[in-house]
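Q: Got chain F sorted already, so can you dock chain Z onto it with the hints?
Chains as they are written, first to last, in the working numbering: chain F, 1 to 621; chain Z, 1 to 167.
Among the clues, some could well be false.
Here are the computed distance ranges between Cβ atoms for each label pair [to be verified]: (1) Gly72(Z) / Tyr153(F): 49 to 57 Å; (2) Ser97(F) / Ala74(Z): 44 to 52 Å; (3) Ser71(Z) / Ser19(F): 55 to 63 Å.
Keeping only pairs whose Cα atoms sit at most 20 Å apart, straight-line, the calculated SDA-like set for lysine to any residue is [what the hints assert, rightly or not]: (4) Lys158(Z) / Asp271(F); (5) Lys132(F) / Ser69(Z); (6) Lys158(Z) / Ile394(F); (7) Lys249(F) / Leu217(F).
FYI, nobody ran anything at the bench for these hints, they're computed from the structure.
Quick caveat, the model's predicted, so the values are computed rather than measured.
A virtual CB, placed ideally from N, CA and C, is assigned to each residue, including glycine.
Okay, here's what each chain looks like letter by letter:
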Amino acid sequence: MKEMARVKLAGFGVALLVSGLVLLIYQALSLRAALTDDANMQADMIADNVSAALMFNDVRSAQEVLHSLRLMPYVASAGIYTVEGKRFASYARPGASARALAEANPANVIAKKRRLSFDDVFVAATIAQNDKTLGTVVVVATTEQMTKDLFHYAAFIGGASLCALWIAFVVTSRMSARIAQAEKKLEYLASTDPLTGLPNRRAFYEELNERLQRGALACSRAALILVDLDDFKNVNDTLGHGAGDELLKHVSVALRQSVRIADLVSRIGGDEFAVLVAITKEKSEGIHTAERIARALARPFDLPRASIVASASVGVSVFPDDAVDVASLVSSADIALYAAKSAGKNAAVEFHPSMTVEARRRARLETELRKALETDALHLAYQPQFECRTGRMIGAEALVRWAHPVDGEISPAEFVPVAEDSELIVALGQWVLRRACRDAARWNAEQGNIMHVAVNVSARQLRQVQFSEDVKAVLAESGLSPHLLELELTESQLMANMTAGVEAMCQLREAGIRLSLDDFGTGYSSLSYLQSFPVNNLKIDRTFVKPLPQAGQPIVTAIISMAHSFGIAVVAEGVEEPAQLAWLDDAGCDIVQGYLLGRPMSFEGITDLLRSECEDTEPSA
Amino acid sequence: MLALAACACTCLRAQAYAQVDLYSLEAAYIYNFTEFTEWPAAQAGGTLVVCANPRTELGATLAKLDGHSVSGKAWSVKPIPEGAAVAACNVLVVDDTASSAATKAASVRDGPILVVRAADADTSDYPCVVTLVRDGDRLRFDIDNKEAARRHLGLSSKLLRLARNVS
Numbered sequence: 001m002k003e004m005a006r007v008k009l010a011g012f013g014v015a016l017l018v019s020g021l022v023l024l025i026y027q028a029l030s031l032r033a034a035l036t037d038d039a040n041m042q043a044d045m046i047a048d049n050v051s052a053a054l055m056f057n058d059v060r061s062a063q064e065v066l067h068s069l070r071l072m073p074y075v076a077s078a079g080i081y082t083v084e085g086k087r088f089a090s091y092a093r094p095g096a097s098a099r100a101l102a103e104a105n106p107a108n109v110i111a112k113k114r115r116l117s118f119d120d121v122f123v124a125a126t127i128a129q130n131d132k133t134l135g136t137v138v139v140v141a142t143t144e145q146m147t148k149d150l151f152h153y154a155a156f157i158g159g160a161s162l163c164a165l166w167i168a169f170v171v172t173s174r175m176s177a178r179i180a181q182a183e184k185k186l187e188y189l190a191s192t193d194p195l196t197g198l199p200n201r202r203a204f205y206e207e208l209n210e211r212l213q214r215g216a217l218a219c220s221r222a223a224l225i226l227v228d229l230d231d232f233k234n235v236n237d238t239l240g241h242g243a244g245d246e247l248l249k250h251v252s253v254a255l256r257q258s259v260r261i262a263d264l265v266s267r268i269g270g271d272e273f274a275v276l277v278a279i280t281k282e283k284s285e286g287i288h289t290a291e292r293i294a295r296a297l298a299r300p301f302d303l304p305r306a307s308i309v310a311s312a313s314v315g316v317s318v319f320p321d322d323a324v325d326v327a328s329l330v331s332s333a334d335i336a337l338y339a340a341k342s343a344g345k346n347a348a349v350e351f352h353p354s355m356t357v358e359a360r361r362r363a364r365l366e367t368e369l370r371k372a373l374e375t376d377a378l379h380l381a382y383q384p385q386f387e388c389r390t391g392r393m394i395g396a397e398a399l400v401r402w403a404h405p406v407d408g409e410i411s412p413a414e415f416v417p418v419a420e421d422s423e424l425i426v427a428l429g430q431w432v433l434r435r436a437c438r439d440a441a442r443w444n445a446e447q448g449n450i451m452h453v454a455v456n457v458s459a460r461q462l463r464q465v466q467f468s469e470d471v472k473a474v475l476a477e478s479g480l481s482p483h484l485l486e487l488e489l490t491e492s493q494l495m496a497n498m499t500a501g502v503e504a505m506c507q508l509r510e511a512g513i514r515l516s517l518d519d520f521g522t523g524y525s526s527l528s529y530l531q532s533f534p535v536n537n538l539k540i541d542r543t544f545v546k547p548l549p550q551a552g553q554p555i556v557t558a559i560i561s562m563a564h565s566f567g568i569a570v571v572a573e574g575v576e577e578p579a580q581l582a583w584l585d586d587a588g589c590d591i592v593q594g595y596l597l598g599r600p601m602s603f604e605g606i607t608d609l610l611r612s613e614c615e616d617t618e619p620s621a
Numbered sequence: 001m002l003a004l005a006a007c008a009c010t011c012l013r014a015q016a017y018a019q020v021d022l023y024s025l026e027a028a029y030i031y032n033f034t035e036f037t038e039w040p041a042a043q044a045g046g047t048l049v050v051c052a053n054p055r056t057e058l059g060a061t062l063a064k065l066d067g068h069s070v071s072g073k074a075w076s077v078k079p080i081p082e083g084a085a086v087a088a089c090n091v092l093v094v095d096d097t098a099s100s101a102a103t104k105a106a107s108v109r110d111g112p113i114l115v116v117r118a119a120d121a122d123t124s125d126y127p128c129v130v131t132l133v134r135d136g137d138r139l140r141f142d143i144d145n146k147e148a149a150r151r152h153l154g155l156s157s158k159l160l161r162l163a164r165n166v167s
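Pulled out of the complex, with its shape left as it was, chain F reads as follows (with noise of 0.2 Å):
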């Protein structure tokens, strides 16, 4: 910047210097010719009062007309010379040497006649009476006074300059230092996250390409570490943007804490972090590091109007050993976070290339799931569900089921999770409710029965705005009626966004719409969101089912008096053992489902169960 700033001064300089020079030669020019007209004029008035005096060769006389020369300081010599060549009179300045008396001759008027120098101006007249040439007048014009005009103008002009210099100096010192610091200002909001202080996902980047490179050259390994922080959204949601922000700054600087001064820490997303630390011996020291990071998030947080548990996943990968450039070291890493989100959160977890794999398979799965969708190679299983006091069958859980060509059948467990982390979650529940409700609607006008159908409901279809309004849409269209359906959604889901999950159920049930909470017992089951959630049912988790009725009993007797305290009806699913069904009856449950009364079954298994327990019941009747 500072070279930039001399350079610029110097070449104004040069401009100035250039301009000085033109205007000094110029000058020198105009004052060299003003000094020639002087000449010229004196020499011209001298021929005219001298001619007579030449005519009369009165020589007294014309040096007369000479001496009045000394009025004119700039003529230093001058001279009166007959036609035939001969000196009839001269004048030469006071103190003035003999040579240049002798200078006067009009010899040298032709030689020396030049616009730019500091030579002697020579001039000559000639004298001459009635047209008759009597002889030459010839004056001599020192440049003295010129010169000493010409200095002062040339110290002026150098003066001025140096002035101008200095103030172009100034103005463009103060001006680069301001842009000096406005790039640096420019560079800093560039490169960093505002919210943290750390550097932000472009300079992380840049330095992670930098450290590669030379520890490349080193033969040094370095492991990234990817951190992302759990349910991150559920602490935006529920208390707040400000606290979600002040969040992020503690882990920010848990984060700086748990590495080197040398390591590099960014903010590369709105929970994700990225760790770089350099490994001095053993390739084991990145999931080390990554372990030691995640027990340093897994505390609690002290914000202003909570205190959070913000636990983490973390990838790792490590360079060389498991990717040798940026871009394969960064998805390596990433891959590893997934696994480690997979593995249920709050761990870290190594990259392995068996990792790579499972991530392709995945990545395959969600494309091939995309075209099922499009080309409706999905179908639905329904599993009946029975009222325990009279042992019919009231209804049916609608299950997703994908035989695919060339896998074959493709568990939902696994394919669920793949739509889950893509918007693709939301067509394929899509999918299933249009397929669910139309297939109810053709059961219940065939047998002219009455038995809903329960539909599992995403997070991600919850959280869209139209959500209640597609579910009508779809109603419509298929012309089931609305109590028929039972939507059931997962009390974890609810949970991350209370506000408009609370509005969402409300509009269903305004609808008609039958709700229920899946999974209860499993996630924070608390009292009181009980109350404030307008839910038909609520489905007691398979694994308090499972171990009755030898143990368990307790808390299962406890969900159903509370429900009923509630007036909620309760679902018992996986009973597997006529104990299990055995106990539930006593215990008061209401409906139960599993493998005991029924399989997931084809639409066709469905309509055949039902149109059976027709004739069993009408017989009774």
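A: Then chain Z, alone, in the frame of chain F:
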């Protein structure tokens, strides 16, 4: 013209050697005087009548200049006429008694005549416009400017400056 100038210069050079051809010099002076004299506009004509006694040396020398022109006027050297006819002269050269008499006749009138008295003329009774004087080995002249004014003659300041005395 050139011949005259050459002549005048030769004379000047001669003077430098102190061998003065006085008459030639005087003739050259008189010739030069006519260069610096202005006659009234009415007098303007193609010729300049120079009246001199042709029998004197000076008159003879002046006669050689007959036909030369000065400021566009040709010199016409003539003998001095008698009586009132002298008024026809533009220049009257006085160098002997004969011419002196003519001077006398001319002096009573105020006609525009440049009266020049030669250096060695022994008559000095009547006013002349220009009087040539020998000053050592040099020839000089006095000017009677009042006389010139009376005669309506304009003498150049350049000429006046060179005069020894101006009255």
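Q: If a hint holds in the structure, say so; if it doesn't, say that too.
A: Hint check results:
The hinted window of 49 to 57 Å between glycine 72(Z) and tyrosine 153(F) holds, with their beta carbons roughly 51 Å apart. Between serine 97(F) and alanine 74(Z) the CB atoms are about 50 Å apart, so this pair conforms to the stated range of 44 to 52 Å. Taken as a hint, the range 55 to 63 Å holds for the pair serine 71(Z) and serine 19(F), whose Cβ atoms sit roughly 56 Å apart. Pair hint lysine 158(Z) plus aspartate 271(F) does not hold up; C-alpha atoms about 113 Å apart against a cutoff of 20 Å.
Taking the CA atoms of lysine 132(F) and serine 69(Z), the gap is about 12 Å. The hint holds against a cut of 20 Å. For the suggested pair lysine 158(Z) and isoleucine 394(F), the alpha carbons sit about 151 Å apart, so the restraint of at most 20 Å is broken. Taken as a hint, the lysine 249(F) and leucine 217(F) pair is broken in the structure, with Cα atoms around 35 Å apart against an allowance of 20 Å.
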